[in-house]
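**Student:** Sequence:
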Amino acid sequence: MIAPGTKAVAMGSAFTAIADDGTANYYNPGALPFHKNAILSTMNLSPPCLGRAMLNGYLYLTEPFFGKGDIPLDPPWIPSLYPGMRYSYVGGVSPINERDFLGVDYTCFTYGETEAIDPDGNPIIGKYKTYDLAVGVSYGVRPLRNLGIGVSLKYIYSYICPQSVIERIYGDDTDVRGYASSLAMDVGVLYKVPLLGLSFGATIKDVGLDLDWGLDSDPLPRRVRWGMGFDTSPLLDFWSEAAGFPIPLSSIINFEMCRDRLRDMVGDEHDTQYSEGYEIRLLNFSYRWGKWREGEDVWRRSNTKGYAINLGIIELGVSNDYISRENWRVQLNFTPFYHHYLNPIRNNEYLNTRATLLSSLVFPGGGQFWNGEELKGSGFLFSSLLLWGLYEIDNNLVPLVGFAIVDVYSIIDALRTTKTQRE
11 MIAPGTKAVA MGSAFTAIAD DGTANYYNPG ALPFHKNAIL STMNLSPPCL GRAMLNGYLY
71 LTEPFFGKGD IPLDPPWIPS LYPGMRYSYV GGVSPINERD FLGVDYTCFT YGETEAIDPD
131 GNPIIGKYKT YDLAVGVSYG VRPLRNLGIG VSLKYIYSYI CPQSVIERIY GDDTDVRGYA
191 SSLAMDVGVL YKVPLLGLSF GATIKDVGLD LDWGLDSDPL PRRVRWGMGF DTSPLLDFWS
251 EAAGFPIPLS SIINFEMCRD RLRDMVGDEH DTQYSEGYEI RLLNFSYRWG KWREGEDVWR
311 RSNTKGYAIN LGIIELGVSN DYISRENWRV QLNFTPFYHH YLNPIRNNEY LNTRATLLSS
371 LVFPGGGQFW NGEELKGSGF LFSSLLLWGL YEIDNNLVPL VGFAIVDVYS IIDALRTTKT
431 QRE
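So for the sequence shown, the working numbering puts the first residue at 11; every next one is plus one.
By construction, these hints were calculated from the structure, which means they are not laboratory data. Using N, Cα and C, we set each Cβ at its ideal position, and we do this for glycine too. Misleading hints may appear alongside valid ones.
As the list claims (entries may be wrong) - When the alpha-carbon atoms are kept at most 30 Å apart in a straight line, the in silico BS3-like pairs for lysine-lysine are as follows: (1) LYS386 / LYS429; (2) LYS46 / LYS386; (3) LYS429 / LYS139; (4) LYS386 / LYS139.
Claimed, not checked - Derived CB-CB ranges, DEER-like: (5) ILE290 / LEU225: 49 to 55 Å; (6) GLY67 / GLN431: 31 to 37 Å; (7) LYS46 / LEU352: 15 to 21 Å; (8) ASN358 / LYS46: 25 to 31 Å.
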């Protein structure tokens with residue numbers, strides 16, 4: 011599975027001991043209980059709402075940091091390799107209560123259009139799209155103050171070709187299938203030493219059933235990853251509090267570093283990946299860099315980098331792993347945004363209603379985030395992104411209609427909640 015997340019990838023995919031955004035479902039479900047607020051991360055996939063146009067413009071203005079100003083919010087995957095490939099990820103984390111946390115995620119990789127032909131080169135059924143997708147649910151709990159444990163259950167589906175193509179090749183009574191599915195589980199743990207800013211994480215991934223193609227099957231990778239991280243924010247906050255500073259130093263500047271190991275228990279020795287990454291943040295701007303290599307002989311390696319700008323309710327991140335010059339990832343992190351200077355708007359009936367409507371138009375669930383309904387807003391946003399992602403696979407109208415229903419209902423629900431809160 012290709013690593014998701016702009017922060018993680020920019021830091022060389024060394025993220026097991028950090029996992030502080032929506033990709034925690036993928037890297038370490040044991041990190042879920044350390045999230046302070048709800049967060050939803052979407053990579054290379056954004057719904058067609060007002061926020062899309064706003065962020066496209068903002069991305070164009072900020073991308074000169076990379077010397078390239080035409081990266082879309084939904085970039086293709088290595089377009090120089092094969093046209094039409096797309097890789098997208100959506101992951102969300104939300105607290106149920108102070109002890110229990112829930113996460114969901116969706117991963118999809120489309121290989122572009124494929125044309126089936128017979129041995130003579132004649133088309134069989136025309137063109138179709140091949141894709142892999144996975145949908146997962148995660149649960150995390152913190153049995154001790156500094157210890158988080160989590161588990162993820164996921165459904166994996168791989169579609170190679172229509173069954174009619176298989177029957178054309180192997181006959182109508184064949185047991186061979188053009189698709190396969192599996193159930194898998196991840197287990198993760200994260201331990202933090204707050205005063206020192208240290209963290210240690212480990213994950214066992216993809217423990218489950220083989221992908222069954224009828225007469226044949228493929229094992230899941232079954233990987234183990236572990237790592238350690240260092241975050242200066244606890245030390246900076248301790249020093250600033252001791253010195254009597256009016257604000258925490260970590261809100262001005264911070265530094266993170268991490269190192270990871272990833273081992274494929276099914277593959278060979280060269281399937282061990284070594285990675286490390288760093289992040290420095292100044293106010294709302296973060297710059298990240300790292301590197302990774304596979305195997306003791308360093309036969310495959312790459313440098314990575316990326317940046318992020320926090321706009322309050324939305325954080326925009328970009329990264330490149332330099333496997334290809336155009337192997338870009340663009341990620342949006344959606345989080346509730348509370349600040350005292352917004353109180354005059356919230357306390358004014360006219361302005362609060364307009365702000366709720368505008369937030370709802372920026373992205374599905376935006377109105378719920380404005381109203382402080384984190385879990386509900388995350389649900390609307392995740393379901394809309396999931397439906398939009400399914401629509402983009404084969405342009406089927408069913409998920410498109412579902413997306414429209416979710417979008418409209420989220421607006422109605424947000425305005426209704428605003429009216430109820432006012433009363």
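**Student:** Of the numbered hints stated earlier in the document, which are not met by this structure?
**Tutor:** 3, 4
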